[in-house]
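Q: These are the residues of each chain, in order.
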Amino acid sequence: MMDMGTKTSHRRPAAQKGLSAKHREWIAGYLFVAPDAIGLLLFLGLPMALSLLLAVYEVNGFGGYRFFGMANFVRMANDPLFWSAARVTALYAAILVPLLYVCGLGLALLVQKTNRFNAVMRSMFFAPHMVSLVVVALVWQFMVVDKIGVINKLTPFLGIEGISFLGDPQFALLTVVFVSVWFLMGFYMLIFLGGLQDIPREYYEAATIDGAGPIACFWYITLPLLKPTSFFVIMVSMVAAVAGSQAFDIIYVMTKGGPANSTSVLIVYIYQQAFAFGAFGYAAAMSSILVVVLMLVTAIFFVMTKGGRFNYE
Amino acid sequence: MSKNSGNSYFSRSQVTLVRMVWMAVTAVLALMTLFPLLWMVSIAFKTPAESFSANLIPSQPTFENFTYVLTGVPFIRYMLNSFFVSATVTVVALFFHTMAGYALARLRFPGREIIFLAIFSTFLVSLPVIIVPLFVIVRAMGMLNTYAGLIVPAIFNAFGIFLLRQYYLSLPREIEEAAVVDGAGYWRIYWSIILPLSRPIMSALAILFFLANWNAFLWPLTVASKPDLWVVQVGIANFKSQYSASWNYMMAASTIVAIPTLVLFVIFQRQIMDSLKTSGLK
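In order, the protein sequences belong to chains A and E.
Under our numbering, read the first sequence as residues 1 to 313, first letter to last.
Under our numbering, read the second sequence as residues 314 to 595, first letter to last.
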């Protein structure tokens with residue numbers, strides 16, 4: 001680091017160093033970007049590439065490698081647990097994404113007006129997002145544990161009784177989705193608040209003068225003008241559902257994929273294959289599919305937002 | 314949209330009523346959202362016998378759970394590990410990301426756009442997806458069960474670079490041009506002009522990075538199996554498998570882990586929420 005500092009801080013006239021101003025700028029640019037670029041290459045780029053490479057090897061627990069060709073992919077195709085995990089992942093995403101959209105937008109509309117009361121309310125809705133996922137998982141597990149948690153004491157008022165939220169395969173995934181929504185909704189509320197802020201007030205004023213009610217305003221002004229925000233939210237929440245750490249942490253701590261694999265999403269199944277059974281090659285093969293999917297999503301994202309920028313047309 | 318006072322759609326008293334109901338609904342929902350956290354704190358102060366009673370206020374509040382967690386298990390050690398790792402990652406990440414952000418926003422060099430594109434392409438790649446190959450790489454580098462293994466891979470993420478680059482793009486160029494005329498080198502410009510100007514965004518990012526690393530679970534779980542190196546999240550997750558029935562201890566431990574993040578949040582809520590709000594879209 002220091003080395004780099006002295007190199008770029010030579011302030012002698014360019015001619016003396018034998019470098020033109022243009023070239024000095026080039027070198028400075030590369031040196032400034034280098035630490036992050038090398039780090040990202042080593043700890044993000046290389047793993048992405050390696051997941052594709054490892055996928056065609058059989059790796060045993062002691063670090064021995066043997067070329068395996070397509071065998072890992074064949075194994076995947078014939079592994080009912082893989083297909084079950086893919087199905088659970090799709091189900092988790094299919095419930096989580098719309099729920100997050102509705103809850104995030106709903107909360108944002110609820111606390112949209114800027115005043116003291118709403119500022120406190122926003123913080124309260126956002127607070128769960130600050131707590132670590134391990135704590136989130138522990139607290140919720142405690143609240144539904146063994147049919148005697150506090151939630152089980154409250155549900156009889158809703159006409160539901162004696163449910164084992166984490167023990168019953170029918171309810172375990174729904175419980176995990178619910179906890180994920182509780183953790184994530186404050187974040188999406190913020191994103192929606194940012195989007196709502198950008199809608200010009202005049203549109204609402206004009207519409208109200210024309211006699212439009214709140215529902216018409218929402219339907220014909222808010223929703224259409226929120227399109228870029230909506231696109232971002234759906235994209236990001238989809239990625240979070242398939243590969244987000246909230247899915248891993250909550251499921252790993254609460255259920256470890258059970259009961260009867262009903263909450264075993266792909267990332268949890270991959271982790272168990274690698275770190276419980278030492279099947280690194282097989283786990284990498286499954287990861288490589290997720291890497292490809294995520295790269296595609298990012299590419300779509302990049303093209304549709306013209307390089308990460310959102311503009312109203 | 315509830316701001317309709319003075320239009321013809323609702324009468325004044327209707328508006329007041331709607332607003333009251335609106336606020337009441339909001340407050341009830343907010344309290345329901347906070348309930349699990351209140352419940353956690355409540356159990357942390359309850360005796361084991363009372364763990365499953367439905368009252369929020371403990372009938373005989375006790376500190377016994379906290380003393381047990383802090384003295385009976387190496388919890389302080391886990392907290393120190395977490396603090397050391399999170400603080401180091403935050404400082405180094407801010408240093409690297411401001412340098413990269415500055416270069417990508419301001420310096421002209423061949424390949425800049427491609428480098429930016431490459432960084433952007435890692436934006437949506439999350440840790441669970443690359444955990445297996447990342448583990449293989451870190452193992453090959455001999456960093457398993459070391460602080461370096463906990464810290465180094467956590468430093469690099471596209472989010473911080475992206476945000477800082479956007480910020481530098483919005484700064485007026487004239488600020489540095491004066492320095493260039495004075496003959497300052499790029500390092501001097503970065504160190505004595507750009508860095509001081511980045512103070513607001515850096516403090517927001519510092520909080521975000523620290524919190525993210527304090528709360529991180531998957532990577533520390535994977536890279537450090539030696540209990541000496543456990544961070545606090547791994548500590549409480551393992552705590553669960555050891556004391557699965559002692560919920561009062563676990564909630565006390567959870568409270569201790571969550572309190573620093575919640576305190577940080579209460580102090581810096583505006584910075585945290587503002588920087589996240591603009592993270593996606595601007």
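Be aware that a few hints might be false.
[Said to hold, decoys possible] The list that follows gives simulated cross-link-like pairs (lysine-lysine, BS3-like), each with its CA atoms no further than 30 Å apart:
no., chain 1, residue 1, chain 2, residue 2
1, E, Lys539, A, Lys113
2, A, Lys256, A, Lys153
3, A, Lys227, E, Lys539
4, A, Lys227, A, Lys147
5, A, Lys227, A, Lys113
6, A, Lys22, E, Lys539
[Stated by the list, open to error] Pulled a few chain E residues facing chain A out of the computed Cβ check, cut under 8 Å:
no., residue
7, Ala337
8, Leu393
9, Ile427
10, Asn528
[Said to hold, decoys possible] Beta-carbon label-pair distances, calculated as ranges:
no., chain 1, residue 1, chain 2, residue 2, range
11, A, Asn78, E, Lys539, 32 to 40 Å
12, E, Ala461, A, Ile199, 32 to 40 Å
13, E, Met454, A, Arg66, 53 to 61 Å
14, A, Ile148, E, Ala431, 48 to 56 Å
15, A, Leu154, E, Gln373, 52 to 60 Å
16, E, Thr459, A, Trp219, 55 to 63 Å
17, E, Leu510, A, Ile38, 31 to 39 Å
18, A, Ile160, E, Leu484, 51 to 59 Å
19, A, Pro98, E, Lys539, 21 to 29 Å
20, E, Gly385, A, Leu223, 23 to 31 Å
21, A, Pro169, E, Ser324, 48 to 56 Å
22, A, Ile148, E, Val338, 47 to 55 Å
Think of the hints as simulated: they come from the structure by calculation, not from any bench.
Bear in mind the structure is a predicted one, so any value in this text is a computation, not a measurement.
Beta carbons are placed, not taken as given, at the ideal position from N, Cα and C, and that holds for glycine.
Q: Which earlier hints can't be squared with this structure?
A: Structure breaks hints 1, 3, 4, 6, 7, 8, 9, 12, 13, 15, 17, 19, 20, 22.
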